[in-house]
Amino acid sequence: MTETMRIDGVTRTRVPLGAAVPSLVRWGLSSDADLVFRTLTTFGSRTERTLAVELGLPARRTAEALAELRECGAAVSTTEARAMSRIWTSRRPAVVVELLRSRQLRPMDPESRVRSHRGIMTALRTSGIAAALPATTVPGLPGDFADGMRYLSSRAAGRMRLAEVVGQDIHELWTMSPDQSPDAESARAAAPVDAALLDRGVRCRLLRPPPADGDRLDVSSHLVNGTSYQCYDSDEVPLRMIMVDRRVAFIPADPRDLERGYFEFTGPAVVDALAGLFDRQWSAAVTQQQALVAPIQLSEREHALIALLATGHTDRTAADILTISPRSVTNMLRALMDRLGVENRFQLGLTLGALRVVTPPMNPES
Amino acid sequence: MARDCIPTMSQKPKINLSDRERALVALLAQGCTDVSAAEQLGISARSVTNILRNLMDRLGVDNRFQLGLALGFLRKANVPGPSDGGEG
Chain A
-12 MTETMRIDGV TRTRVPLGAA VPSLVRWGLS SDADLVFRTL TTFGSRTERT
38 LAVELGLPAR RTAEALAELR ECGAAVSTTE ARAMSRIWTS RRPAVVVELL
88 RSRQLRPMDP ESRVRSHRGI MTALRTSGIA AALPATTVPG LPGDFADGMR
138 YLSSRAAGRM RLAEVVGQDI HELWTMSPDQ SPDAESARAA APVDAALLDR
188 GVRCRLLRPP PADGDRLDVS SHLVNGTSYQ CYDSDEVPLR MIMVDRRVAF
238 IPADPRDLER GYFEFTGPAV VDALAGLFDR QWSAAVTQQQ ALVAPIQLSE
288 REHALIALLA TGHTDRTAAD ILTISPRSVT NMLRALMDRL GVENRFQLGL
338 TLGALRVVTP PMNPES
Chain B
-13 MARDCIPTMS QKPKINLSDR ERALVALLAQ GCTDVSAAEQ LGISARSVTN
37 ILRNLMDRLG VDNRFQLGLA LGFLRKANVP GPSDGGEG
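Going down the list, the sequences are from chains A and B. FYI, the numbering used here numbers position 323 of the first sequence as 310, with every residue one higher than the one before it. FYI, the numbering used here numbers position 77 of the second sequence as 63, with every residue one higher than the one before it.
Hint data in this document are derived by calculation from the structure and do not stem from the laboratory. Glycine residues also receive a C-beta, built at the ideal position from the N, C-alpha and C atoms. One should not assume that every hint holds.
Unchecked claim - To give an idea of the interface, some chain A residues facing chain B are shown, with a C-beta separation under 10 Å as derived from the structure:
| no. | residue |
| --- | --- |
| 1 | S32 |
| 2 | T37 |
| 3 | E41 |
| 4 | A297 |
| 5 | R343 |
| 6 | T346 |
What the hints assert, rightly or not - Quick list of simulated restraints, FRET-style, between CB atoms:
| no. | chain 1 | residue 1 | chain 2 | residue 2 | range |
| --- | --- | --- | --- | --- | --- |
| 7 | B | N2 | A | R234 | 45 to 53 Å |
| 8 | B | T35 | A | G43 | 21 to 29 Å |
| 9 | B | I29 | A | M71 | 17 to 25 Å |
| 10 | A | T346 | B | I29 | 43 to 51 Å |
| 11 | B | N40 | A | G31 | 15 to 23 Å |
Take these sequences, add in the hints, and give me the full structure.
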C-alpha cells in the first residue's frame, strides 16, 4: 500500500461512485482486464484474491487480467511472494487511456504515400496500360495528352471537371483518400459526403485510413454502412482517387502537391485496372472492419436470440420463436455472459450495446 | 469537391441521466445487485427499482437487458467520452 502510493501516476483517491470509467476494451484489452480495472478504479486497491472472490472470476482469469493491466501500465502491484496476496492499484483512468492511446498511435509516413502513389503510376505506365503517362513530371500543357487521358492543370480545374462529371446522371462515386485524421471525431467531420448525392440515389463509397488514435470502438462507419453511403477504414490506402461509375477516374498529377492538378482517365484499360485496385482494397477493408467491429463472434442462433430479446421478448416467447426450450435460452445466455465476463442480464446488455451487436429499440426523451 | 457533412448519423437519441441514475447505473454495470447497489447509495431497494423503472420508461424499453443494451449503445455507462457522456 505505502509502496504503491509513491509510484507516480497511481491513483491516491478513489474515483467517486458513479463516475464513468472508460472502457479499456476499445483499446484492445480483454473484457476481464476491463472489469478488473473498473473494479480497482471504483473500489480502490485490492489483493488478487479479493478481486477473484468479488468478481467471481476463476483465479487464472484474474491473474491473466492483472498481467494484462500490468503489461500496459494500467495497474501496479506490491511484491509479496505469494501472487494472491499482492495488492493491486490502478492508475488514473485518464492516464491509462493516454498510455493506451499513444501505444496504439500509428501516424502514417507521408513519404510512403508518395512512394505508393508513384508505384501505381509506374506500374500503369510500364505495363503498357497507360504508356503515355509521364514518368515523374506533369505534362507541360493542360488538356488531352493521350487517348483517354487528360491533364487538369490545377486543383481548381480538377474540382470543376469533377463537379461537371458528378453533375451528370451518375450511379456510383468511389473515393479513396490517404488523408489520415488525428482522431475518430475529426474523421467523422471530414467524410466527404454530399447530402445532395445521396438524395439523388448515388451510391458512395469511401476508403480512408483509420484515425491515428486507433479507437476500435468508434463505429461511425458502421452506422452509415448499409445506406447508400458506405465508408470503410483501410490501413493501406494506396493513393488518392475518385472514380465515377467505373468509367472515369481522377488521380492527382503530383502526390506531393495537389495544386498541380489531376489526371482524368477515361480509357477502359486504365479505368478497369484502377477499378480492380479499388475493388481489392475495398473487400480487404470490409473483411478487416468486420473482424474489428465484432470482437465477440456470435453464432447465428445467439444473434437471433439477442435480436429477439432486444425487441422486448421474454425468454419464453423468444424460445418459442426459435423453437428451442427456455432452458436452452438460459444456457445460451449463460455461455455468452461467461465469454464476456459479465454476471447479469443488465451487464450483458450493456456490453452488447456498447459493441453495437444489435440496435436497441429506443424511444427516448428528446 | 463535396461538402463536409454527414447527413445520416447526426440524429443520435439523447437521454440525460441524473447524478443518482448515473451512480446507480455505474454500480449495476460493476455487477452489483439491486440490494448491494441500494446499500452503497444509501437508498432502499425499492427506490432502486423505481429509478430503473423510470429510466426504462424514458428509454421506451421493458427489461433490464434492454436497458443495458440501450445505455451501452448510447455509451451512458462504462464508456468515457467528452463527446458522448458529458451532457448530464
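Going down the list of hints, with the structure as the test:
no.: 1; hint: S32; result: 16 Å, violated
no.: 2; hint: T37; result: 14 Å, violated
no.: 3; hint: E41; result: 9 Å, holds
no.: 4; hint: A297; result: 6 Å, holds
no.: 5; hint: R343; result: 7 Å, holds
no.: 6; hint: T346; result: 7 Å, holds
no.: 7; hint: B:N2 to A:R234: 45 to 53 Å; result: 50 Å, holds
no.: 8; hint: B:T35 to A:G43: 21 to 29 Å; result: 24 Å, holds
no.: 9; hint: B:I29 to A:M71: 17 to 25 Å; result: 35 Å, violated
no.: 10; hint: A:T346 to B:I29: 43 to 51 Å; result: 32 Å, violated
no.: 11; hint: B:N40 to A:G31: 15 to 23 Å; result: 30 Å, violated
In this structure, the earlier hints numbered 1, 2, 9, 10, 11 are contradicted, and the remaining ones agree with it.
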